[in-house]
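> In order, the protein sequences belong to chains A and B. Residue 1 is where the first sequence starts when you use my numbering, and the numbers rise one by one after that. Residue 1001 is where the second sequence starts when you use my numbering, and the numbers rise one by one after that.
No wet-lab data here; the hints were simulated from the structure. One or more hints might be untrue.
Stated by the list, open to error - A few chain A positions that, by computed beta-carbon distances, are all more than 12 Å from chain B:
1. Gln160
2. Asn305
3. Ala352
4. Trp443
5. Val519
6. Phe522
Stated by the list, open to error - To be clear about the criterion: a stretch of chain B counts as covered by chain A if any three or more of its residues have a C-beta under 8 Å from a C-beta of chain A, and this derived list gives those stretches:
7. 1029-1040
8. 1044-1051
9. 1123-1135
10. 1141-1148
We treat Cβ as the ideally placed atom computed from N, Cα and C, and that holds for glycine.
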Amino acid sequence: MEHIAHDETSFVRPAEVGEMELYHAKTWLGKYVFSQDAKTIAIQYAATAIAIGMVALVLSWFMRLQLAWPNTFTFIDPAYYLQAVTMHGMIMVVYLLTALFLGGFGNYLIPLMVGARDMVFPWLNMISFWVYFTAVLLLAASFFVGGGSTGAGWTLYPPQAILPGTPGSEAGILLMLASLAVFIIGFTMGGLNYVVTILQARTRGMTLMRMPLTVWGIFVATVLALFAFPALFVSAIMMSLDVLLGTSFFMPAIMTMGSEAEHVGGNPLLFQHLFWFFGHPEVYIVALPAFGIVSDLISIHARKNIFGYRMMVWAIVIIGALSFVVWAHHMYVSGMNPYFGFFFATTTLIIAVPTALKVYNWVLTLWQGNIHLTIPMLFSIAFLLFFINGGMTGLFLGNATVSMPLSDTLFVVAHFHMVMAVAPVMVVCGAIYHWYPKITGRWYHEGMARFHFWVTFVGSYLVFLPMHYLGIMGVPRRYFEITGTTFLPDSAQNVNASITIAALVVGVAQIVFLYNLIVSAFNGKKAPGNPWNATSLEWQTETTPPGHGNFGKELPCVYRWAYDYSVPGVEDDFIPQNVPPRNAQAEGAQ
Amino acid sequence: MSNIFTEQPWIADTGPIAPGLSGAEIALNSRRSALKVLLSVVSIFFMLMIVAYGGRMLYQDWQPTPQISLLWANTGLLLLSSLCLQAALIWARADNVHWVRGALVGAGVLTVLFLAGQLVAWQQLTSMVLGDFSNPSVGFFFMITGIHGLHMAGGMIALVRAISRAFGQSDVRAMEHNVSNCALYWHYLLGVWLVVFGLLFTGNNFEILLRICGFI
């Protein structure tokens, strides 16, 4: 065993600059409502995102009720069904998952994990949340306007989206577009904060390559979002102008309701290109933070360093870069030059390489690890099982020739729910259970959490696995009802009914989850500061929950990466990032 | 010093923490960094609009926007306002407070004139097309100039703050950061305007645009 002695005073140079000045709220409103503390803002983001997400969950129940027992529920007519499909999709992808991962986890974890007092622009951070909140209100308002919310599908394709006959083609679509534009403005404010904080406010010793993978995932996802959202912003503006001013960006000369529309010469395909230039990176905006977080959860709860850290970092970066050159694989059926299709199929399949590397590394981290089947670990394993399944079907859909017949069937719905809906949601749940003791200082009810896990895991599989078979049979997506077809056996309807029952049960389990979170925050058993024996800085705070300014008088100094678990020769099976080698050595390290 | 390509993070530090990791990075101006990130985002934004414009030009029914000569004068105003800010920055570095204030006010006035000129151009185009916005090139004109104008108007908020600080204090060093950020923003938006104006609105520069977009 090699011994290297260190004098801590010469080891750590004094900071070259003073610390950032923290804003201290003087009023209750300033502390809890218009708070500039990233942790409070994180909770505001998370609460808003989960609240609107619950609305989207209920909308999915309505869809499923109609599909399982067509025309039994009179309040679900075709227009209502399409509105539910649209709002469910948009809310879940943008307003829940994006906001929760970046606004929620990003705000809470970035400053704590990189050793900063707060975000570099706390005021802008606060504004960012309130702009997001306004976007959610605008979106929710569309439920109540004349004609209701838009029913154009979450992709909002023109000309259908703004033509009479499509549900919500009056105020609904405009509110949706306005809400998206406002969301993007709010996100840009937040995104600037996340990026600059990670690049410039890291504590001493926290090199980029010592950052936990959670921060890497959120960082790259934020960069993706900053560069991808402008495409959605541009298309929202253009479509709004088509509606309001009669411009023809996307609207071709078209007959509608028996008469000629005022538009001439617009190009609907242009919208599709713009939308998917945003839409595909959006998949990774959701997935990359999940990749990062799950890497940390697996490592911590398997008490083993993450396998291939550098490979994991570069895989995140490469996946992020590639995600900008695959967008047209969503448009194979829109028609394109075959060489174009070949290019996009190739880039799509290339993405599978770094993604597969990540999966191997997660599995290899688990391999011979000291696996603790805690709730976060259970959700992490569930993530793997969903992600691998969804990733494999992605190989089918990435190929133009295979994708064509499967496009617009439930196979696609099953694929993307597996890979970018349920898989990231598994990580969200695992992450909430993991950081809950730090955020609240209390434990959740273990029994309820286990109930929540098993019902969600098994139930979600029962929802989405059979959907692949329905898709291969040819059951189309977005259809109000599929009865009366000759090519589908009666059993297809039975499968649909079983999926609905599973979906309803999974939904109820989420209510148990929320109940557990809320009640335990007040009545849960007190949790220690570092209950998982984790190494990253958020677990080394002086108080739990961390106070304003995150750390004590001195910011921590970082000497090592975040994955020193089960280091040979060390008594404890973890060494926190802020423990200098000399101290670790005293316990037997190196 | 190790970097993200060579660093082996699984090896704990065995020597003094490198200077680059001991707080120097925090000393960088975070507002300046945020501005650079923002300008990258805005670049993508305008690039997408230009590419969309170019893509639409490919169609045979393309009708270019009627010429508006006022845009040349507006371009001159924007150029002058950008020059004023550059002069303000040079004078700030030379500790010449009086001239800094004058140049900042000059830049503000010229920018307001530019924005007013753009509104007049909008009116002119509206009357030229008799209120019919269905021609895609006309729609693009309004959208691109409108969004550029909104960015200029947003920049005015920062410029007004810089002006009020310049008049409220005599410490030139303190105002240099603000002036420098405003100058960067103005130069950038001048650049965007020159590209947009040159490519899209000075006649039918069809081929240049298509070449840039990679269509021919």
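> Return the numbers of the hints above that this structure violates; sort them in rising order.
Hint 2 contradicted; others consistent.
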